[in-house]
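2 protein chains.
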Amino acid sequence: MSFDRLIEKIRLTGNPTVAGLDPKLDFIPKYILDASFAEYGETPDGAAEALFRFNAGLIDALYDIVPAVKPQCAYYEMYGWQGVRALKRTVDYAKQKGMFVITDGKRNDIGTTMEAYSTAHLGTVAIGSETVAAFGADALTVNGYLGTDGIAPLLGVCKEQDKGIFVLVKTSNPSSGELQDRKLDDGRSVYETMGEKCEKWGEDTVGKYGYSAVGAVVGATYPEQLNLLRQAMPHTFFLVPGYGAQGGSAADVRGAFDENSLGAVINSSRAIMCAYKKQGRDEKEYAAAARAEAIRMRDEINSYIK
Amino acid sequence: MSFDRLIEKIRLTGNPTVAGLDPKLDFIPKYILDASFAEYGETPDGAAEALFRFNAGLIDALYDIVPAVKPQCAYYEMYGWQGVRALKRTVDYAKQKGMFVITDGKRNDIGTTMEAYSTAHLGTVAIGSETVAAFGADALTVNGYLGTDGIAPLLGVCKEQDKGIFVLVKTSNPSSGELQDRKLDDGRSVYETMGEKCEKWGEDTVGKYGYSAVGAVVGATYPEQLNLLRQAMPHTFFLVPGYGAQGGSAADVRGAFDENSLGAVINSSRAIMCAYKKQGRDEKEYAAAARAEAIRMRDEINSYIK
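Taken in order, these protein sequences are the chains called A and B.
For reference, each letter of the first sequence is one residue, going 3 to 308 in our numbering.
For reference, each letter of the second sequence is one residue, going 3 to 308 in our numbering.
Worth flagging that the hints you see were computed from the coordinates, not collected in a lab.
None of the values given here were measured: they were computed from a predicted structure.
Hints may contain errors.
[What the hints assert, rightly or not] Here are the computed lysine to aspartate or glutamate pairs in the EDC-like style, where the Cα-Cα straight-line distance is at most 16 angstroms:
id : chain 1 : residue 1 : chain 2 : residue 2
1  : B       : K26       : B       : E41
2  : A       : K185      : B       : D188
3  : A       : K26       : B       : E117
4  : A       : K185      : B       : D183
5  : B       : K185      : A       : D187
6  : B       : K202      : B       : D183
7  : B       : K26       : A       : E117
8  : B       : K185      : A       : D183
9  : B       : K185      : A       : D188
[Stated by the list, open to error] Reference excerpt, derived from the structure (chain A facing chain B, CB under 7 angstroms, subset only):
id : residue
10 : Q98
11 : K108
12 : D111
13 : T115
14 : N145
We put the CB at the ideal spot given by N, CA and C, even for glycine.
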């Protein structure tokens with residue numbers, strides 16, 4: 003099952019974290035922008051080239067110490083289809099370097115449409131007599147508001163092609179409670195109910211480390227809920243956003259892990275991408291700064307969970 | 003406000019419907035596929051060319067009688083960035099023909115990431131000294147599971163650039179009730195609660211026909227809920243999927259409309275795209291068949307709401 007591969011990468015690197023690749027142009031060193039614009043103009047092609055070069059530098063600096071990357075679709079779509087081409091190049095490059103790729107698209111729909119998203123991001127599509135992987139990530143984030151009709155279409159590709167999904171359960175943002183914390187008439191919250199569904203949706207895909215192919219997104223910014231959900235969802239691997247820039251600490255994410263120090267991967271995006279700014283280093287050292295921050299984060303989190 | 007433009011197009015055409023553009027290769031006439039593959043090979047470029055040619059034929063046949071199109075992102079992403087380029091070409095072509103374009107992406111995220119989606123699909127992005135519309139639709143479907151943090155980032159572009167959003171409230175699929183129909187501890191359902199939020203999110207953007215820039219997706223397959231929500235959400239314009247292939251009838255969607263026969267746009271995708279198959283016509287007549295079906299649907303729905 004898919005999260006076995008992720009878990010093995012985490013064990014190999016001794017690092018339960020994922021680097022978010024959310025490349026706004028503001029984050030990208032000027033020398034990369036200048037070179038990309040010089041070659042392709044101040045155009046979507048130029049922007050997309052800068053996104054990819056920035057990401058490739060990060061991947062080169064991280065692939066031996068960080069198990070996974072999580073490109074966020076929005077930052078690629080913002081630069082049009084050319085940006086989406088940079089997403090594909092990023093996925094390919096990270097996989098070539100042996101990283102596990104989680105595409106953060108929070109996709110959701112039903113039936114054949116959800117199958118199309120599954121095909122797009124995880125599977126392969128037939129074009130005449132050819133078969134092509136449109137984006138070919140290892141896992142995809144999804145939104146379960148539409149119920150089983152929105153999740154079932156993903157389970158086939160998870161089983162057959164060893165892929166995984168992360169369903170939004172309790173998100174890291176301040177207003178996540180507006181709906182997710184509301185109690186249903188049985189006294190359980192919406193997020194607990196979504197968590198139960200994840201356990202159910204994943205039950206036929208539990209791998210050798212005890213986790214299914216249906217993971218959950220649970221924010222670092224709500225450590226109490228994170229603890230409760232870890233207990234309530236023993237077969238569900240967690241993707242934990244909200245560490246760092248959003249305020250979640252290493253102590254806060256401890257509860258995401260099981261007694262074997264497994265069960266979760268903690269995301270950091272801006273703190274890694276923009277480490278060179280925070281460290282006051284020359285922009286040409288952005289990749290080395292990112293590596294230093296990734297090591298710091300790894301060691302800090304490990305100090306709480308080992 | 004955005005839905006004023008849609009409402010004016012609906013009045014002009016006398017047609018409260020939207021044609022869904024969900025172009026699977028299976029739906030596309032062989033002569034279009036053959037020509038596209040001959041030119042670009044059995045590749046994502048060939049597939050994407052076929053998607054666009056198919057859509058362009060539909061748009062040519064519909065633009066004077068149907069006010070809007072709704073391309074569904076999944077079917078474009080399935081063919082990679084080349085497919086996403088076909089989405090952009092489709093949006094541009096439909097707008098050039100005067101149609102209102104609703105991109106059906108069900109996007110969702112928070113803060114700067116949701117701003118990036120807003121920028122991508124509705125707004126414009128700065129690239130160096132240039133400003134570019136990445137996709138440039140008139141409206142976008144979104145998922146509100148993350149609360150206000152996932153919706154507020156869209157409201158600026160709705161106000162400033164006269165755009166709109168449709169928030170998933172009660173979806174048309176069989177399992178939509180798993181979460182959406184559950185009662186909260188105040189006795190109201192999740193979908194009613196989401197509906198209330200839509201009214202709240204849209205309150206500063208009510209246009210001259212009484213509808214805000216924050217619309218809602220409410221399925222044709224649950225006519226009772228559709229009626230209740232129409233009463234409870236007087237300022238929220240509805241996008242209604244589920245007519246036709248999913249089982250919703252013209253009688254079922256009547257409740258989506260207000261006393262002025264406004265307030266909703268009814269979607270049909272497959273019945274229009276594949277009308278040539280159902281009508282047993284030669285595939286080269288797919289566009290004429292689509293037009294005949296769009297006229298039939300218009301007249302059927304109008305017979306219930308006028």
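Consistency of the hints with the structure:
Distance check on the hinted pair: B/K26 and B/E41 sit about 19 angstroms apart at the alpha-carbon level, beyond 16 angstroms; violated. This hinted pair checks out: A/K185 and B/D188 have alpha carbons roughly 9 angstroms apart, not beyond 16 angstroms. Distance hint between A/K26 and B/E117 is fulfilled; the C-alpha atoms sit about 11 angstroms from each other, no more than 16 angstroms. Between A/K185 and B/D183 the alpha-carbon distance is near 13 angstroms, which keeps this suggested pair within the 16 angstroms criterion.
Taking the CA atoms of B/K185 and A/D187, the gap is near 6 angstroms; set against the 16 angstroms cutoff, the hint holds. As the CA atoms of B/K202 and B/D183 are separated by approximately 20 angstroms, the hinted pair breaks the 16 angstroms bound. A hinted pair counts as satisfied when its Cα atoms are at most 16 angstroms apart, and B/K26 with A/E117 qualifies at roughly 11 angstroms. In summary, the hint linking B/K185 to A/D183 is supported, as the alpha carbons are separated by about 13 angstroms, within the 16 angstroms threshold.
At most 16 angstroms may separate the alpha-carbon atoms for a hinted pair to count; B/K185 and A/D188 meet this at roughly 9 angstroms. The restraint placing A/Q98 at the interface with chain B is violated, with a minimum CB-CB distance near 17 angstroms, outside the 7 angstroms limit. Satisfaction of the interface hint for A/K108 is found here, the shortest Cβ-Cβ separation to chain B being roughly 5 angstroms, below the 7 angstroms cut-off. Taking 7 angstroms as the C-beta cut-off, the interface hint given for A/D111 holds, the closest approach to chain B being about 6 angstroms.
Look at A/T115: its Cβ gets to within about 5 angstroms of chain B, closer than 7 angstroms, so that hint holds up. Below 7 angstroms, beta-carbon pairs count as interface contacts, and A/N145 has one with chain B at about 5 angstroms; its hint therefore holds.
Consistency note: the structure conflicts with the earlier hints numbered 1, 6 and 10.
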